[in-house]
Every structure is written in C-alpha cells, then in structure tokens.
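Chemist: Residue numbers (my numbering), protein chains in the order written: chain A, 1 to 335; chain B, 336 to 642; chain C, 643 to 1209.
Simulated from the structure, these hints should not be mistaken for lab results. Some clues are possibly wrong.
For the chain C half of the interface with chain B, some residues (derived, Cβ under 7 Å), not all of them [to be verified]:
id, residue
1, Val906
2, Gly909
3, Glu911
4, Val1046
5, Gln1048
6, Gln1051
7, Asn1069
8, Asn1098
Cβ pair distances, simulated, as ranges [to be verified]:
id, chain 1, residue 1, chain 2, residue 2, range
9, C, Ala1146, A, Leu56, 31 to 41 Å
10, C, Thr872, A, Trp61, 23 to 33 Å
11, B, Leu486, A, Asp191, 21 to 31 Å
Where is the CB? At the ideal position from N, CA and C, for every residue including glycine.
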Amino acid sequence: MLSYTIRRLLIAIPTLLLISLVIFLLLDLAPGDPLSDQPLTIPPEVREKMRTALGLDESVWVRYVLWLKQFFWVEPLYTIDRIFGTSFAQDQLRILSWQFRSPAMDVIWQRMPQTLTVVGMAYVIGTLIAIPIGILSAYRQYSWFDQIGTFISMIGFSVPTFFTGVVLIIIFAVKLQWFPSIYDTTLEVTDWASFKAQTRQMVMPVTVLALFNASQISRFMRASMLDNLGQDYVRTARAKGMSESVVVLKHVLRNSLIPVVTVIALGVPSIFGGAIITEQVFKVNGLGQLLITAIHANDLPMVQTLTFIFAVLIVFFNLIADILYGVLDPRIRYD
Amino acid sequence: MTDTAPAQKVDQAMAPPRSQWWDVWDQFKTHKGALIGLFIFALILIGVIAGPWLWNVDGAFLDVRKKNAGMSLIHPMGTDQLGRDQLARMIAGGKVSIAVGMTAMALSLFLGTLVGVMAGYFKRLDGPLMRLTDLFLALPLLPLLLLMVTLFREPLSQRFGPETGIFCLIVFAIGITSWMHTARIVRGDVLTMKEREFVLAARSIGTPARRVVTRHVLPNVMSPIMVSATLGIANAIITESALSFLGLGFPPDFPTWGRLLFEGVSYMQQFPERVIWPGLAISLTVLSVNYIGDGLRDALDPRIRGR
Amino acid sequence: MTLKRVLLGAAATIALAPAAMADRGSDGHVNIFYWQAPSILNSYLSSGTKDMESASLVVEPLAGFDEKGVIFPRLAAEIPTVENGGVSADLTSITWKLKEGLLWSDGTPVTSADVVFTAEYCMHPEGGCAQLSKFEGVKSVEALDDLTVKITFSAPKPNPYQALVGAPSPIIQKAQFAECLGAKAPECTAANTGPIGTGPFRVTDFKPNDVIQMEANPNYRDPAKPAFATLTLKGGGDAEAAARAVLETGEFDYAWNTQLAPDVLAGMEAAGKGTVINAFGTLVERLEMNMTDPSPDLAEGERATAKHPHPILSDIRVRQALSKAIDRTTLVEVGYGKAGRPTCNIVPAPEMFASDNTGCIAQDVEGAKALLDEAGWTDSDGDGVRDKDGKKLSLLYQTSTNAVRQDFQALIKQWWNDIGVEVELKNIDASVYFGGDPGSPDTFQKFYADVEMYANNFDGTDPEAYLAQLACDKAPRPETQWQGENMPRYCDPAYDALVAELGATGELAKRTELAKKMNDMVTKDSFTTVPLVDRGRLSAHSNTLGGVSLNTWDSELWNVSDWFRVK
C-alpha cells in the first residue's frame, strides 16, 4: 500500500500540470471579457488600453508559463516570507486578480474562514446525520422511519437551495425575525454575545446545506446497507450467535462504507469550492461567491488559481478514498 | 410465507415455463411504494404528453391585464406576471424538463457506469480513466458550458432546428459534466466485487471478461447506480433551469419547471402558487422515480425475489 | 410622482435643520448595501458603478453634480466659467482654484500638486486608465501656485467640465500614489483599496467583493459632518435580497439599485420599514435594428458588415412598423413601474437637450400593418406570417439575461406576432453579451441577430460623445476587431457632418438644437434605434435614515455627509 501511495503521489504531479493546462486553455477559449462590467460609456480605444494593462495582449502560452511560475514559485516564497519573516520573494509579481488588482491568494485566505465555518460545518453535520439515518432506514426497511426519511431526503435534493434558502429567509428573517438575512463576515467571536450572534447567523445557511448533503449521503448509505444485509456472511454471523448490534455495526456497516467513502471524499473538496448558491442567498461571501463573481467578471487569474487549488484537493481526496478502500476491504489490491 | 411455499412450488411446476421478467414484474407488484411511484409517474407523463389536448390554452399567449391572477376556473393554476396561463406553461415545461431530466440522466449514468466498470475491473485502465475523472471533476462548470454553447449552439440549431439543437446541446452538456460521481462510486463497488468468490469462480472457469462484467459484476452494483439515477434526474432538471437562466439553455419564452420555479421565487410572498406547483412537480417526479428505482432494485435482486 | 418628490424634498429640508447642528459622528453607525459588491476603490482602474460609488465616500473630484444635474464645487472654491474668467474666452483652457485649508484624511494639506499628479496618473500611456476619455484633448495640466491648476486643451473644448469633475475622476493623493504610475498602477494594492481622501469617510477595513468598513474622516472640511461615526458597505446577493434587507427586515439603512418587478417591490414596501426612491437620468432601454445582414450563410468577416445590407430591416417602413406595434406604456407598467417612463428619444434628459418627440408612445397596430402591406410584406400563404418574394418576415431578437428583459422580449414578440412578424428570441449571459470578446458570436457589438435590446446612457450632462457614437466609422466591423459603439451600423453622411459641427460649437443654445436634431435623425426619422423606456434609478432607504437625495448625474452617495439618523 505504501508503494502504491507513493506511486500515486508521483503520478499526481503530471496529472495536475495537465489539469492546470486544460483549465487555462478552457478559460482562455471560453467567451467573455474582463471589461464586460465596465459601463458602456467607456470608448473602445480606452478599453483596448485597459486590456493591455491587464496583460491580455500576451499569447496564451506566455501567460500560462507566467502563472505556473507565480503559483509554484513566487506564492510559496511569499508564504515562507510571511511565516518566517524572511525576504526570499523580493517583490516578485504575485498572481494579481483582475477584479481587485490585488494578490489573488490574499483574497482566498480572507474568504477561507467563513467558507470553512459555514460550508464545512454543514458538511460535517450533514454526514453525521446521514450515516445513522441511512443505517436505520436500511435496517428497518419500509418502516415509518424509513418512509419519512426517504420523503425528506427526496425533498432535500429535488428542491433547489435557491428555493429553500429564500423560504427560510422569508419565514425566519422576515416574519419571525429570529435570524439575520445577511451574514456578517466582519463579526469576530470574542465573547458569549458575539458567539451567539455567530450561531444565529449560521443557523439558516447551515440548515439548508446540511439538508442537501444529508439527503444525498443517506441515500447511498441506505442502498449500500441493504445490499449487504442480504449477504450470506450476515446469516453466518447471526447463526454464530453474534449480537445484532455487532452484526450490523461491525460487519455490515464496514462492508457498506465503500460507496459512502467515495461520496464523502468527493464532497470534501467541494467544501473548499464553497456552496455557490447558498452563499449568494445568505450573502456569506465565501469562496463559492468569489469563484462565481470571478467567472462572471472573467477574472481569469482568480478563476485559474481557485480551480487549480480545487483540483489539487480533488486528486488528494480521491487518493485518500482509494487508500481507505484497501483498509475497509483488505481484498482490494492495487499492486 | 413458509406455509405457502410448497403450494407455490407445485404451482410453478405445473405452470408453463415463463421468462424471468414475469418474476421481476411479480416481485415489483408486491412493492407498494413502487406501484404508487409508477402510477404517479405515469400520471405526470400522461398529463405532460396529453396535456396540450386536454387543456387547450396557449402558454405563450400573454394578457397583461390578467397578470398575477390567482387560481380560478379559467386559470386553474393562476397566471404569471405577464398574464400567461400557468397550467399551460406547466404542461409545456414538464415535457421539456422530463425529457431533459431522463435523457441527461441516462447519458450520465451510461458514461459513469461505463467508466466506473472499466476502471474498476481492468487494472490497466484504472489509472488513466480515474485521472480523466479527476480532470472532469476539476473543470469549472460555467466556463466549460459557455465554451460549449459558443462552439456548438449555432451549428446544432442549424442542423436540427433551434429547439432540437438546443435540446441535444443541453442534454450533452449536463451528461458530460455529471457522470463523474457515478463513475467513482461504481468503480469503488466494482473493486470489491471483483475480489468476491463468485466472480473469482466465474473467471476461473474461463468466462470472458465481457460476460463476467455484464452477468456478475453489473447486477451487483445496481443499487448505487439506482440511487445515482434518482439523484441524476433532480440534478438534471435543476441544472437545466440554471443553464436557461444564464442564457445558455432554451430560448427565454420556453418554459421549463426549473425556470418556472426560479422565476416564481421573487413572487413567492405575494403569490405562493407560483412556486408551489413547479416545486411540487419536480419533487413528485423525483420521488416517484426513486420509488420505482427501489422497487426495480428489489425485483431484480434474485435473493429478495426468492423470499 | 412630482407630488411625492416635493413631499420628500420638504421632509428632507425640515429634517435637515436639526442635523446641521449635530456633531460629527453623533448618529452612530450606518449600513449600506450594494448587491454588486465593490472590488476596488480606485475608479481610474475600474469604473464599474459599484466601485466608483463606494470610492466616492472617500475621494472627491474638484466639482460634482447635484440631483438636478447642476455642477457645484467640491474641492474647488468655485466653478470656473467664461464669465468669471476661469475658462478662457477661446475655450482652450480652464483654471481651477482649490478651497483653502483642505486636508487629506492623514492630515497633510491638499495642494495643486495632487491635482496635477492625478491627471498625470490617468494620462500615463501604460496605466490602462478607465477614465482616459475624460482627459481627451487635454494638452497639459500645470500648477500655477499651491492652490491653482490650469488645464490646457489642444483644441477649443465646449464642455471643459470632464477631467477631474464628477465621481469617476476624483483627486488622489500624490504622496500615496507616487510609486503607482503606469504599469505599476495595479500593483499598489494598499493604495487601490484604501485611498487617502478628502471625503466624509475613510477606510478602516476592505474585503474585496464582500464588505468595506469606514469611519468618519477626522479632517473633513465641515466639522459638523458626517453625522455617522462609522459606516459599513456590504455587498453580495441580488437586488431582491438588498431590497428585503432594507424594506422588510430593516437590517440595512440604504440599498442601491433595487430594480425589481413593481409588484414585488410594492409588496415589500408595504412592510412599512423603508421607502423606495427613484430619479431619472439618461439611461434608455432601446431596440437596435441591424442595418446589415447577420445571416449565418454569409462568410465570417462579411456577416453583419456594411457589405451586405439587411434584407428586411433596410426598409424604413418595416422598422417604423415594428416601432408602431410596441405599447411602451405597458412595457413600463410591467417592467419598471414608477422607475420608468415611455420615451421616443435616446437623449431623454437634461431637459434642454431632450427633443419633444413623443410620436411613438401611442401603440398603432393598424398603422403598423398598413406600413407592412405598403412595403410589400403580405401573408400570401395564410400561415399568419407575412412574406415577400418567398421570404418570411422572421426576425431574431437578442438581449442579455435579465428578468425584466425577458419579460420585454415576451411582450414585444407577441405584439410583433400580431402584425404578422415571426420572432425568435435569444438571451445571452451578460458577461458574454457586453464583453467585447471578438472570438464570441454572441456579443452585442457583433450583432449576429436582427434586433437587439440593451440600455445605454451618457456620463454627466452633455451628450456630445454619446451622440458621436452613431457616426459611420464607429460601426463594429472585423477591421476594428469588432469594437465600436454604433451597433445598428447607422450610416448617414449628414449625421457625421452634424457630429463634427457639434464638436466645434461652444454656444449652449446651438448645442442643444444640434443635439435634438441628431436625436431625431436616428429615432423618428430613421427608426434604426427604437427607444423604449427611459429608465430611472431605484434605490431604497429605511425610514430611520434622513437626508437621502437620489442623484443620477453623479455618485448615488454624493451627499452622504448630509445623511443623518431620524430619531
């Protein structure tokens, strides 16, 4: 398994380079213009000058190599400088966002906290709810609990978050006035009062996202448990006189986790990607909102950097999932 | 069940031989949820297909004087902000939404299962196919769709006419960007399935790989595929509405359930029926497909069928 | 509407009296919501409305425009005119004098060197300055003494109030931006997001595309202002969320651009927490008729160029019929409510420039049908669509993705269907449609459609540059990489002559006359541009916020120093 992991890590490098190139070319080819949000009163000659100032008159290869250098060389240097107070970077040009004219990585770091607290929390809660619900639903298939669980989870993913989010806002922010409709990103938790304020503003976005995540994961959990509950080894285990809880929670659960691990591993990078619609609805302004506004504004350096970090996480977590398969089912061999 | 078993055996011995699909149907019939699901889904399909004959109102006709009307006999589901009949728009929208949802789901399932089984079963293909999956997972969706629309909208609409052309484009766009989850999940299951005794047995007697996959591996990974299918329909219907809303999908005067729901959200407080009907339609479709999927899975599983 | 405006004005003046006596910062905190979040506070690098208006809280120009469009001094002591000798008689120079004793928010004095530097900053050839067109024709900017600046033009400038006037071109501090000239401009992140200014507030924290926090500028020239000690400007979400936060939940005091369907807005206003305000500027939603043939059968490079006149729309009778079939009053009612009014002009304001052309307002379906009959388009095969020489009267009608525009498309399609015109609709994502990417077939410049809809306006109060956009050589075409502002490819030598004449005329009466004539030429005389709606600006403020006066000629936050808390 160790050599497999090392081999996969080595393969990841050319894979990621290729992915970054494909993303770069895709962004370059896709139609759009970083100046499209500028008013029409600006004449074309001035627009042309503004484009040149963004470096858009260089060829796509030059811009790609420059981005590679900035991402893999300059940005790490700056990070080292910031941590150790050194000055390796020596004022080399960082990746500048076209919208903000400021380093893209700084804005990404700035957005990280709210995304991790809201989207990350929702994911953790969603998973923690989904797994027991999935197990119980499968174990008591077609019971009332299962039927209600099925119904709620179907609603959970068939009704889009742009709808559920607004419904919650109208009920709890407008009518009842329990929670704020706008997320305050400047709030710092320092005492009990600010902690309460933070909790209040997180309730609605976390609920919406957790419902969506939980409904997805619980369906896979349930289906996989059902598959395994009918297997011969379960009958054998029961015949040996093992207690029901050991049979279900040890034998069946372990064997049912493979698809669930896959789904969770696919979901973890998406925490980083943020939840575009939910963030927009509740004005959380996290990474999802950053990505979508950057795409709309054709802020290519920002989109490229964000999606590439996203790609790294995808490759990494899929690797973790593959390793976990081997742990869960020792029969799986990659070598 | 135990006391009826001998009688059944006698019946079966006397009855003429029948195909396995009758057994499947018999088992399916005992699943109450699946039957109700099938019934509701059929009802929706009939409503959407036969609707235009039963409800003879043009969904595109607008009458501003009658805007935002509530539910009445003339407009059973009310009218929208331009005075268009909502029922007629629901019927027209349902046709598109269900067609897009089903075909896009089918395409994404097909791609996902194909890639997943290939990668899981054949060790040599695993690396390249999974790296391809990683690539597709990493691609930013919106620029990809923008690019596809730019490149293919005009040639396709010239070839097949604007509606069919855009339909193909949307189904392709949704299918090509949503197969990766299924692929990863199926691969994970195939990896364990491959090492099970019955697959080893089949392989050791020299069954060709194609038959091992189709007869032994695939039937045993049906349940995650079925779950993906239900998730896929909901996903396709909603993605389609997002596409149309961005101007990447159907022309703006072409209603779909997702778009009706999206447009209704701003009017939700004053005219709740604007969101209730399309929301209900999407949820019911997904719910009924889910139950049909549940029933099918049970019916196809010989272990359950025998019980 | 006028009554309401008078009432609002009266309320504001009554309420203003106590505020004037209040101390700086006595009213605590104010929350402003811009649903398009500001990304930078330097309007020379981005002139998006959101960026420019949030920057106007911090930095100020020499002079600005009030809510009636009248110029008034900000940093300047008075407005230079020919009468007071500030503008030379031959219109080739303007001399500005700064107010005495002005301080930057860091406590250093404002001098003419800062003004000269600002001009230099924008006119730098490598800077990519977004406001460069305001400096067009500027030969030199020089400091005569510490407080006096002279701008010399290379040719007579009938409208000298462009450079350094209005929120888009504020004065920036030389000390802060000295290292940021030319290609270095975008690298000065700290300066671009936290400019030192003379305005009522100064930045304490800037999170791009999210939130800006500000506090009262301790060195603001009026010691009693601003009434608010701190200010938060939050962004994100959409217009609906913005309106809801002010009108329904009361979390915010002011929301910018709450353009929503009239029914929705009325419902929110009924909650009683806030008020929707509106004012009209020069923004006109219009249809452009393509004078060239956009047929996909033509070769790329010839498609939609002057080489091939449009097979249907080249006939003025067809264009006129299309205009006649539209009921503009209904459009306003459905899409804009009190924030819109029907118009037949592309220059709807200021009053002295606006033509009295109202002939298009009344819908005339029969007249439209008669015109089409006369043009030879008849429904010979009885399928409800007119045809001529075997060709159907069928049009492709495109616009950007936007709920109101899609409603307009649906309405106009129905009216055109009624007169026997077949219409295919298309909507395009705004970032593609308004982006000038020459590789995309879907930009509004390329105009690969028969009819397109968008809105356009002009900066400030003078329409000269705006009207010059319809000159022959401003048509987008392959030679110009599809850049240009003459979307309909209107081309009339007589019009081009008027453009030249307007550029050389200084006398105001003559200018207004020329502008009206040009407006009529492209609208009621040729119907290449078919104006639909004069779109006002719509914003909302809570009932506890006083002193708000919506201004369409300058930044919407132009008088934020006068805002106060109603107690």
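Chemist: Checked against the structure, which of the hints given earlier come out wrong?
Modeler: 3, 4, 8, 10, 11
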